[in-house]
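Undergrad: Sequence:
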Amino acid sequence: AWDLVGSEFAGRHQQYEKFYAGASFIVRGHSFRETPWGELDRIVDDLLAGYDVPAKEEG
3 AWDLVGSEFA GRHQQYEKFY AGASFIVRGH SFRETPWGEL DRIVDDLLAG YDVPAKEEG
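Okay, so the sequence shown: first residue is 3 according to my numbering, each after it adds one.
Fair warning: there could be bad hints in the mix.
[To be verified] Pairwise CB distance ranges (calculated): (1) G8 - G52: 43 to 53 Å; (2) I28 - E59: 29 to 39 Å; (3) P56 - R14: 53 to 63 Å; (4) F34 - F11: 32 to 42 Å; (5) R35 - A12: 29 to 39 Å; (6) E59 - Q17: 34 to 44 Å; (7) A57 - K20: 42 to 52 Å; (8) R30 - E10: 25 to 35 Å; (9) K20 - V55: 36 to 46 Å; (10) Q17 - P56: 47 to 57 Å; (11) E36 - Q16: 21 to 31 Å; (12) F21 - P56: 42 to 52 Å.
Simulated from the structure, these hints should not be mistaken for laboratory data.
Keep in mind it's a predicted model, so treat the numbers as computed, not measured.
Beta carbons: idealized from backbone N, C-alpha and C, even for Gly.
Kindly generate the complete structure, drawing on both the sequences and the hints.
TA: Laid out in structure tokens, this is it:
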């Protein structure tokens, strides 16, 4: 168990997994730019349109 959490190997492996995809601020920016926001907006709108919301009663 020590090899998985506290050894030098574990430290290197954890660092490798953290930085494998690249710097987090670059990955986050790329993901934000490449996300199909219009498609996701339509999905959310369709889900919300499926709910019946009672009308607000005056008085």
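Undergrad: Hint by hint, say whether it matches the structure.
TA: Evaluation of the provided hints:
no.: 1; hint: G8 - G52: 43 to 53 Å; in the structure: holds (50 Å)
no.: 2; hint: I28 - E59: 29 to 39 Å; in the structure: violated (52 Å)
no.: 3; hint: P56 - R14: 53 to 63 Å; in the structure: holds (58 Å)
no.: 4; hint: F34 - F11: 32 to 42 Å; in the structure: holds (34 Å)
no.: 5; hint: R35 - A12: 29 to 39 Å; in the structure: holds (34 Å)
no.: 6; hint: E59 - Q17: 34 to 44 Å; in the structure: violated (59 Å)
no.: 7; hint: A57 - K20: 42 to 52 Å; in the structure: holds (51 Å)
no.: 8; hint: R30 - E10: 25 to 35 Å; in the structure: holds (29 Å)
no.: 9; hint: K20 - V55: 36 to 46 Å; in the structure: holds (43 Å)
no.: 10; hint: Q17 - P56: 47 to 57 Å; in the structure: holds (53 Å)
no.: 11; hint: E36 - Q16: 21 to 31 Å; in the structure: holds (27 Å)
no.: 12; hint: F21 - P56: 42 to 52 Å; in the structure: holds (51 Å)
The structure fails to meet hints 2, 6 from the earlier list, while all remaining hints are met.
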